[in-house]
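Trainee: One letter stands for each residue in the lines below.
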Amino acid sequence: MRRGVLKHRGASLYYGYVEDDGIRCCYHGWKYDCSGQCTEQPFEPKASRLKDEIRLRSYPVQRLGGLLFAYMGPDPARAPLLPRWDVLVREDGKREIKMFPTHECNWLQIQENTADSTHTFFLHGVMDQKLGLKHPFAPYYRRPIEKLEFSYCEWGIDKVIVYGGDVPEKEIRPPLIFPNILRIPNGPMEVMHWRVPIDDVSTRIVFVAFTPARDASVRTREDDEIPYTYLPPMKAQDGEYDLKTFFSQDQMAQESQGAIYDRTNENLGVSDRGIVLLRKMLLEQIERVERGEDPTVAVVRDPQRNRMIDFPGITSPVEGLKRIAEAKQSA
Amino acid sequence: MRRGVLKHRGASLYYGYVEDDGIRCCYHGWKYDCSGQCTEQPFEPKASRLKDEIRLRSYPVQRLGGLLFAYMGPDPARAPLLPRWDVLVREDGKREIKMFPTHECNWLQIQENTADSTHTFFLHGVMDQKLGLKHPFAPYYRRPIEKLEFSYCEWGIDKVIVYGGDVPEKEIRPPLIFPNILRIPNGPMEVMHWRVPIDDVSTRIVFVAFTPARDASVRTREDDEIPYTYLPPMKAQDGEYDLKTFFSQDQMAQESQGAIYDRTNENLGVSDRGIVLLRKMLLEQIERVERGEDPTVAVVRDPQRNRMIDFPGITSPVEGLKRIAEAKQSA
Amino acid sequence: MRRGVLKHRGASLYYGYVEDDGIRCCYHGWKYDCSGQCTEQPFEPKASRLKDEIRLRSYPVQRLGGLLFAYMGPDPARAPLLPRWDVLVREDGKREIKMFPTHECNWLQIQENTADSTHTFFLHGVMDQKLGLKHPFAPYYRRPIEKLEFSYCEWGIDKVIVYGGDVPEKEIRPPLIFPNILRIPNGPMEVMHWRVPIDDVSTRIVFVAFTPARDASVRTREDDEIPYTYLPPMKAQDGEYDLKTFFSQDQMAQESQGAIYDRTNENLGVSDRGIVLLRKMLLEQIERVERGEDPTVAVVRDPQRNRMIDFPGITSPVEGLKRIAEAKQSA
Chain A
17 MRRGVLKHRG
27 ASLYYGYVED
37 DGIRCCYHGW
47 KYDCSGQCTE
57 QPFEPKASRL
67 KDEIRLRSYP
77 VQRLGGLLFA
87 YMGPDPARAP
97 LLPRWDVLVR
107 EDGKREIKMF
117 PTHECNWLQI
127 QENTADSTHT
137 FFLHGVMDQK
147 LGLKHPFAPY
157 YRRPIEKLEF
167 SYCEWGIDKV
177 IVYGGDVPEK
187 EIRPPLIFPN
197 ILRIPNGPME
207 VMHWRVPIDD
217 VSTRIVFVAF
227 TPARDASVRT
237 REDDEIPYTY
247 LPPMKAQDGE
257 YDLKTFFSQD
267 QMAQESQGAI
277 YDRTNENLGV
287 SDRGIVLLRK
297 MLLEQIERVE
307 RGEDPTVAVV
317 RDPQRNRMID
327 FPGITSPVEG
337 LKRIAEAKQS
347 A
Chain B
17 MRRGVLKHRG
27 ASLYYGYVED
37 DGIRCCYHGW
47 KYDCSGQCTE
57 QPFEPKASRL
67 KDEIRLRSYP
77 VQRLGGLLFA
87 YMGPDPARAP
97 LLPRWDVLVR
107 EDGKREIKMF
117 PTHECNWLQI
127 QENTADSTHT
137 FFLHGVMDQK
147 LGLKHPFAPY
157 YRRPIEKLEF
167 SYCEWGIDKV
177 IVYGGDVPEK
187 EIRPPLIFPN
197 ILRIPNGPME
207 VMHWRVPIDD
217 VSTRIVFVAF
227 TPARDASVRT
237 REDDEIPYTY
247 LPPMKAQDGE
257 YDLKTFFSQD
267 QMAQESQGAI
277 YDRTNENLGV
287 SDRGIVLLRK
297 MLLEQIERVE
307 RGEDPTVAVV
317 RDPQRNRMID
327 FPGITSPVEG
337 LKRIAEAKQS
347 A
Chain C
17 MRRGVLKHRG
27 ASLYYGYVED
37 DGIRCCYHGW
47 KYDCSGQCTE
57 QPFEPKASRL
67 KDEIRLRSYP
77 VQRLGGLLFA
87 YMGPDPARAP
97 LLPRWDVLVR
107 EDGKREIKMF
117 PTHECNWLQI
127 QENTADSTHT
137 FFLHGVMDQK
147 LGLKHPFAPY
157 YRRPIEKLEF
167 SYCEWGIDKV
177 IVYGGDVPEK
187 EIRPPLIFPN
197 ILRIPNGPME
207 VMHWRVPIDD
217 VSTRIVFVAF
227 TPARDASVRT
237 REDDEIPYTY
247 LPPMKAQDGE
257 YDLKTFFSQD
267 QMAQESQGAI
277 YDRTNENLGV
287 SDRGIVLLRK
297 MLLEQIERVE
307 RGEDPTVAVV
317 RDPQRNRMID
327 FPGITSPVEG
337 LKRIAEAKQS
347 A
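Chains as they are written, first to last, in our numbering: chain A, 17 to 347; chain B, 17 to 347; chain C, 17 to 347.
One should not assume that every hint holds.
Pairs involving identical chains hold if they fit within one copy or between any two copies, as the list cannot separate such chains.
Using 25 Å as the maximum straight-line C-alpha spacing, the simulated SDA-like pairs for lysine to any residue come out as follows [unchecked claim]:
(1) Lys-67 <-> Val-292
(2) Lys-146 <-> Tyr-30
(3) Lys-67 <-> Pro-195
(4) Lys-163 <-> Pro-319
(5) Lys-47 <-> Pro-243
(6) Lys-260 <-> Ala-314
(7) Lys-186 <-> Ile-200
(8) Lys-114 <-> Leu-98
(9) Lys-67 <-> Leu-284
(10) Lys-110 <-> Asp-318
(11) Lys-110 <-> Ala-341
(12) Lys-62 <-> Pro-319
(13) Lys-163 <-> Ala-63
(14) Lys-163 <-> Ile-70
(15) Lys-251 <-> Arg-220
(16) Lys-260 <-> Tyr-246
(17) Lys-110 <-> Ile-302
(18) Lys-251 <-> Arg-40
Keep in mind that the hints were calculated from the coordinates and are not lab data.
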């Protein structure tokens, strides 16, 4: 990965010509190797050494599960391993990628939503009723919440929710993965959302879903090309949200906080302690990096640990939904 | 009416759930009563007193003629009466509401147009001829203007225009209603325009029309639901105005002054004294309010005076149009 | 030509009514003569002298080849002649005008492209191959460049390119015309591009093409009305360029430098000396004007010299293309 700006006369390398051993600018043909070093300047004199002085900042790229990842830290030699999340590397089914429409807010507002275990009740469960949407997961989230647990873990923050009501359940959610990932079981799909900052006030959500297949012939290798689609906007040109999906409901709640949410005016309660933990973790990890130390959360260095990172103990909402349906029928 | 910002974690109350005795935030279900006091926080401990500290700024709302009005002054106890304009409360006909496309300029440029009695000749009367539009009112405005009168009144500024030519007439217009209302007889319709600032550089015009009916069975009560439509844009994406209606002609003149018109470069003439009066009135009233005094224009406190505010002495252009048509036929 | 702002109450004269001896504002009918002097204020008292004080800045306009040109220098009496470029005044064929979509960058980035003789190889020649476009001129630009020559001339900068390869050629290009014109032979058409700043960060390209006709009956007089079209955008709403035409390829290279290209980070090579010459010429001419002296480049004062300005010695790419096609067939 190279910064998208050419150092000759400023045109973008985005439209550059990719060659086997580098990329060539389409404006004047200057070529850069994978380290960012300029290696050819076709119209400069043969004896010219100008190219030796031209070097773009570059980052080594790794491909996994259909995505490209770059380590952008200070010293590539100290780079941790690229975490091999199950959603990216499982082979026993089908993988797909969805690019969400740009969210017009800071990435942290989106990630805080993942530390916010109670929002699912009103924003998804109740709104589903109000709008008559009949989302299959809505009954799961409409159960009374009796207890919330949050704790630090190696990946970020572990979350447990205890539901009461007719169909009580202790739901062990996948951890919030620090700093910017949501991991969620989504019906038959196992899903991750990467909340990637475009800039301080806009964020791209990259959604990867893996659907396990019963048929052993349906397989996806971790280095296969994965089909991807760009989702259409979930709000109208006048700014109204459609609210028909959980995604749109979340986007509304996150964006309506403002482009960069001013947290000086908020009022956190006891039920917001997941958010407090996330902010503390973020500040602690920033301070470590500022001191020149390695971050400690969701950093994988042991190849053995990294064969595949999965979350075997998490609750499958599909089971809970079945019991809710059964209770309704017998009622 | 409450400010659209929730004091928990900043999501908007715009999409809140309206309940009988308040509104509930759709993000985490915090509920606020009509005074803005937070009364429920479903996921906080029962013993928590956090909700007692949470109070949104709120304004009492009154409904009239299909619109909601709020008094946003400093002390609701000193609020004047909501003026019962005839267009809002007449029952002997049909009422309708149109929301104009956003005007990309400061509200005062739009209101100054109402103090500008001569603009109708060239902007509406002559342009109608130039573009071959044949608007029924254009001949009315194409008569030579011989005299203009402006004077302060209890509602704002009274306006009289004396036309010469073949069909002379002394037109008594409805007053400019201070600070931001146009009242105008519009053919069979009696009309008001509220120029409501969205922010310093954009304005929403809310248009209410009442059409008296001869048929006594056509009635509209002041608290009836009134049908409303959002008008489509009156200019193309490249910024060109269609100029086919008086509304579009006005919008062009108002917006082309700039987002906030720099009045230091203008040259007012004798015919602009309506505008001078409006600006003086505005400054005087602002100074009163800054001194902690009540404003004095278009402020109604006497319920007797407020049964219905109408303007019985104003000239009906329909009569003038008839005489113009007769003069044309006999010529 | 008058500045588009009215000095009465700020509405634009863009929609003014053009009359035989001036223009009338459509808002209140103030009329201005061709010198910018206000001559009528229909609603002011007859005795008023207000209009004597109102004068718009105005520039005399000349019409040539379907365009209107204004001299906006300090003293109209010292204005040079309007250059009679062949593309504007030739009569032995057909003339047409195309208005390009707004380029979202400073005009100088576009003009530097004309001093940049090598960009045609990769940006047009090679991209044509990569995208399979088969533009007829692409093979001409895909020949190896062996030598570049740049020199000052009376119009701006003379440019020569020496191609090697199977079909060598010394191409004498039309000069870069200072400060903002591209002159280029374009197949059967002879073409000029005026890069007209809209503001610092957007530019309108006005394209005029003259196609000589063999049929002597096809004639266009220099004062004929010329048909013009507005070209549709060459990039999608998400900012992606279509790259299907040389125009789109150029726009991408020019705009991707940024709205105003920050030249402090660039690295110019020997092959960029045309750009260096252009910048030097621009600074020199700016300094002359700042000292109150006349500019010296592309300034015509001798009517004899100005009968028609053409470039008889320039190379026709059509001939080169024929030889390239012949070489390919015989190979």
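Trainee: Now, for every hint given, state plainly whether the structure supports it.
Mentor: Results for each hint:
With identical chains, the CA atoms of Lys-67 and Val-292 are at most 25 Å apart between copies only, with a shortest distance of 19 Å across copies and 50 Å within one. Taking identical chains as interchangeable, the C-alpha atoms of Lys-146 and Tyr-30 lie at most 25 Å apart only when they sit on different chains, with a minimum of 15 Å there against 45 Å within one chain. Taking CA atoms no more than 25 Å apart as the test, Lys-67 paired with Pro-195 passes in neither setting, with 39 Å inside one copy and 31 Å between copies. For the homomeric pair Lys-163 and Pro-319, neither the shortest alpha-carbon distance inside one copy (37 Å) nor that between copies (55 Å) is at most 25 Å.
Taking CA atoms no more than 25 Å apart as the test, Lys-47 paired with Pro-243 passes in neither setting, with 30 Å inside one copy and 44 Å between copies. Taking the shortest Cα distances, Lys-260 and Ala-314 never come within 25 Å of each other, neither inside one copy (33 Å) nor across copies (45 Å). Taking the closest pair of Cα atoms, Lys-186 and Ile-200 come within 25 Å of each other only inside a single copy of the chain (16 Å); across copies the shortest separation is 66 Å, beyond that limit. In this homomeric assembly, Lys-114 and Leu-98 come within 25 Å of each other (Cα to Cα) only inside a single copy, at 21 Å, whereas the closest approach across copies is 52 Å.
In the homo-oligomer, the alpha carbons of Lys-67 and Leu-284 lie at most 25 Å apart only across protomers (11 Å), although the nearest pairing inside one protomer, at 56 Å, exceeds that limit. Taking CA atoms no more than 25 Å apart as the test, Lys-110 paired with Asp-318 passes in neither setting, with 27 Å inside one copy and 74 Å between copies. Taking CA atoms no more than 25 Å apart as the test, Lys-110 paired with Ala-341 passes in neither setting, with 28 Å inside one copy and 51 Å between copies. Taking the shortest Cα distances, Lys-62 and Pro-319 never come within 25 Å of each other, neither inside one copy (46 Å) nor across copies (48 Å).
In this assembly of identical chains, the alpha carbons of Lys-163 and Ala-63 lie at most 25 Å apart only when taken from different copies (15 Å versus 74 Å within one copy). Taking the shortest alpha-carbon separations for Lys-163 and Ile-70, only the inter-copy value of 23 Å comes in at or below 25 Å, while the best intra-copy value is 59 Å. In the homo-oligomer, the alpha carbons of Lys-251 and Arg-220 lie at most 25 Å apart both inside one protomer (15 Å) and across protomers (21 Å), since each shortest distance falls under that limit. When the C-alpha separation of Lys-260 and Tyr-246 is checked against a cutoff of 25 Å, the pair qualifies both within a copy, at 18 Å, and between copies, at 23 Å.
Taking the closest pair of Cα atoms, Lys-110 and Ile-302 never come within 25 Å of each other, the shortest separation being 37 Å inside a single copy and 64 Å across copies. Taking the closest pair of Cα atoms, Lys-251 and Arg-40 come within 25 Å of each other only across two copies (22 Å); inside a single copy the shortest separation is 39 Å, beyond that limit.
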